[in-house]
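Protein chains in written order, with the numbering used here: chain A, 1 to 381; chain B, 382 to 521.
It cannot be assumed that every hint is accurate.
[As the list claims (entries may be wrong)] With a cut-off of at most 20 Å between alpha-carbon atoms, the simulated EDC-like pairs for lysine to aspartate or glutamate come out as follows:
| hint | chain 1 | residue 1 | chain 2 | residue 2 |
| --- | --- | --- | --- | --- |
| 1 | A | 358 | B | 503 |
| 2 | B | 427 | A | 135 |
| 3 | B | 384 | B | 478 |
Honestly, the hints are just simulated from the structure, not real lab data.
What follows is each chain in one-letter form.
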Amino acid sequence: MDEALLRSLTPGVLGILVRRGADFAAAEDAVQDALVEAVRVWPADPPRDPKGWLVTVAWRRFLDATRADAARRRREDLVDEEPEPGPVSSVDDTLRLYFLCAHPSLTPSSAVALTLRAVGGLTTRQIARAYLVPEATMAQRISRAKRTVSGVRLDRPGDVATVLRVLYLVFNEGYSGDVDLAAEAIRLTRQLAAVIDHPEVAGLLALMLLHHARRATRTAPDGSLVPLAEQDRGRWDTGAIAEGVGILQTALARDRLGEFQAQAAIAALHADAPTAGETDWVQIVEWYDELARLTDNPVVRLNRAVAVGEADGPRAGLAALAELDDSLPRHTAVAAYLHERDGDLATAARLYAEAARKAPSLTERDHLTRQAARLNTRPSR
Amino acid sequence: MAKYLLLKHYRGAPAAVNDVPMDQWTPEEISAHVQYMNDFAARLEKTGEFVDGQALAPEGAWVRYDGEGRPPVTDGPFAETKDLIAGWMVIDVDTYERAVELAGELSAAPGKGGKPIHEWLEVRPFLTAAPTVADCHAGG
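Produce the entire structure from the sequences given, and follow the hints as far as they go.
Printed below as a string of structure tokens:
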């Protein structure tokens, strides 16, 4: 059974229950129950209409739960009416659900968890494992998130930027348990792109595809990090790159540039270079300038300094770096790299070691330590 | 979405404000302290921020490899060990500020006289998984 296909039906089914009058939290629980039931029953007895099956089972679960509830009188009135699905399309249902789960009243970690469960159809256990927290903690995080948004009306369009931030977080952060979060983020962004026509949604999807295309080459078999310049480009996923570039070009043609499109453009330029030496760094610097205009994120200017170092030489890169706050994450790593390119190996070695001590992740720390070690143990001339 | 270790020391931390050893508290004061710690952990589970909490015995041994075919060497415990960890709590929070806020609350656990201990807790970030999008070309 295709579990991703089953889970793709989640938002639509949940939307129908909510539209029939079920409150969001109870409906979400009922849909989870129905998904679990589907995994159990479908392999032996696949339904002709999977979505209809899920709606029927989820609605029955919702009614059972509601009847057992203290507030049953009021709800039974509601049940008696059992309104038919109205003229609202499932496209709108799905879109509203994305907005609700990324609502600005939620903290980022709550929005991520709720999106993965209510839109993605993942179980609490799967989400807990993906983020290395106990299942009980994740269950509480999700139920609090549901309470937080329970008063939010679903009839107003939200800000798509909040949804994109949540999907970007799913793609970019998290551990890999039995759920592939990056693939899940791509699936959810693709699903979003199918229900809303927005160049930044397309931009984010393109960005994800272009990065995902390089995934297999980003780490060595021992788990250590392989820098972009040293990656085996022959193993990049050309299908994903072609799709990402195509989506990006269509988005850019609409002339409504945003930060994800600009980031995707940079990723596309890397993907386009047959060898690291053939990278079009001048164009990449131009895109970083564009990106700096769109966002005041200092990390952008840090990456721009690296690109300037490649386009105009390490001295120019160091000059660009000198204008930035040296407490920025990865600032020291960039300085080490540019000093090495400039031939000042002693300074580079010292800075690599310092950068390793400040590294936010284990793989980066080990990588930077290796860089320092490489310079410290070079044969003396 | 970052994990922090809140580390509690038997020795090695700067002196607490209410710095009376636990064996000189009343039994009720000890119960109140334990209750506070349990309530704190339960509350963090409800907020979806609790990962783990453990306490350690004060006495342990040092162990090291002693070569092929030989049993490991053990030594200690050393009474003079300067830094002695008593236990920890692991939290999963959205910001560093939240981690500091929670450590502050944990440090307010009641001690002698039912008054907060004001003990120093060490807050240490976990190293994360590497981000997917890391076009830090410099070495990364």
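Hints versus structure:
With a C-alpha separation of about 18 Å, the suggested pair residue 358(A) and residue 503(B) falls inside the 20 Å cut-off, and the hint holds. The straight-line distance between the Cα atoms of residue 427(B) and residue 135(A) is roughly 12 Å, inside the 20 Å bound, and the hint therefore holds. Our distance criterion of 20 Å between C-alpha atoms is met by residue 384(B) and residue 478(B), whose separation comes to about 12 Å.
Violated hints for the displayed structure: none, as all numbered hints are satisfied.
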